[in-house]
Amino acid sequence: MKTAVLLGAGGLGCPAALALRDEARARGLSLQLVIVDDDRIDGSNLSRQILYTAAEVGLPKAEVAARKLGAVARVARFDASTAAALLAGADVVLDGTDNFEARFRANDEAVARRLPLVHGAALGWTGQLLTILPGRTACLRCLFEGPPPEGSVPACAEAGVLSPLCGLVGAAMARAAMQVLLGAAEAGVLSRWDALRGTERPLAVKRDPSCAACGRVAS
Amino acid sequence: MPVNVKIPAPLRPLTANLSEVAVENAGTVGAALEELSRRYPALKDKLLDDKGALRRYVNLFKNDEDVRHAQGLGTALKEGDRLTIVPAIAGG
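First to last, the sequence lines map onto chains A and B.
Per our numbering, residue 1 is the first one in the first sequence, and the count goes up by one each step.
Per our numbering, residue 1001 is the first one in the second sequence, and the count goes up by one each step.
Just to be clear, a hint being listed does not mean it is correct.
Said to hold, decoys possible - Taking lysine-lysine pairs in the BS3-like style, the calculated list, with each CA pair at most 27 angstroms apart, reads: (1) A:LYS206 / B:LYS1044; (2) A:LYS206 / B:LYS1046; (3) B:LYS1006 / A:LYS206; (4) B:LYS1006 / B:LYS1051.
Said to hold, decoys possible - Derived CB-CB ranges, DEER-like: (5) B:ALA1042 / A:LYS68: 42 to 48 angstroms; (6) B:ALA1016 / A:SER30: 51 to 57 angstroms; (7) A:GLY215 / B:ALA1042: 32 to 38 angstroms; (8) A:LEU29 / B:ASN1025: 53 to 59 angstroms; (9) B:GLU1065 / A:GLY146: 36 to 42 angstroms.
Stated by the list, open to error - Just so you have them, the derived chain A footprint on chain B, three or more residues with Cβ under 8 angstroms: (10) 1055 to 1065; (11) 1081 to 1092.
For the record, the hints were derived by calculation from the structure and aren't laboratory data.
From a predicted model like this one, the values you see are computed outputs, not experimental measurements.
Beta carbons are placed, not taken as given, at the ideal position from N, Cα and C, and that holds for glycine.
Kindly produce the complete structure, drawing on both the sequences and the hints.
In structure tokens form, the structure reads like this:
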């Protein structure tokens, strides 16, 4: 039995969870999927958060998503006090959260526990994906030293995100998580989507020996 | 032949929606950003902090090389190089 922990059951988390659950089933891989989210379904989510319907507005996302996918729901905020419990037993972590604080926290907590992390993000027409094998490949802080000050870069709540792009990046997150579970991760490469034009050149991301998160994690 | 700077979608409103800007006579990454900022002043604050250093939530790749692993803003450029701006994004 493998365990995948999904942080965020939103625009990326919904397609990622659906694709990962179905791919595991198709392969006969025994997978426990844990879905972490403390948010409730809003009517404005429905165009891209494909596991939810209008009749479920107001219900906790993690519970609804988990019920539909046969997963485990954790209606909880991912923070310093909950990280250890929420990540316990994970073979891979998928980060589909929606703010910088959560993303850098997911990176730091996964790196500290040496848990493989699939980082997917989307904003407007732009998507990014980076698979991180702590101690072996670059982490989020090797690429970006830290989060921007609050308000200086729009979050998806302000800037919006293209619904079809969520499907693309979410499916890619499921693919990347499956590669991790099969021992064939394509880590250390930043995949990028410009939904106005199609995919863009992937970029190799190197480990930063002075990285605040993974610099001291032994290879 | 100039250096080509690839502008990511979130910053294109600041470059008249251009996805690529050709910059002439840029011997270093810093010089390319200076010329870019001269033409599109609103871009400067998105890329550089008050001290003129690259912001921690933005990265630059010269062709396929992360400039933080080279000489940062002092990284040499030659004609035909591609400079890609990669901003951190957090939506999900």
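Outcome of the hint check:
no. : hint                                     : verdict
1   : A:LYS206 / B:LYS1044                     : holds (26 angstroms)
2   : A:LYS206 / B:LYS1046                     : holds (23 angstroms)
3   : B:LYS1006 / A:LYS206                     : holds (20 angstroms)
4   : B:LYS1006 / B:LYS1051                    : holds (24 angstroms)
5   : B:ALA1042 / A:LYS68: 42 to 48 angstroms  : holds (44 angstroms)
6   : B:ALA1016 / A:SER30: 51 to 57 angstroms  : holds (53 angstroms)
7   : A:GLY215 / B:ALA1042: 32 to 38 angstroms : holds (34 angstroms)
8   : A:LEU29 / B:ASN1025: 53 to 59 angstroms  : holds (56 angstroms)
9   : B:GLU1065 / A:GLY146: 36 to 42 angstroms : violated (22 angstroms)
10  : 1055 to 1065                             : holds (count 7)
11  : 1081 to 1092                             : holds (count 8)
The structure does not agree with numbered hint 9 stated previously, though it agrees with all others.
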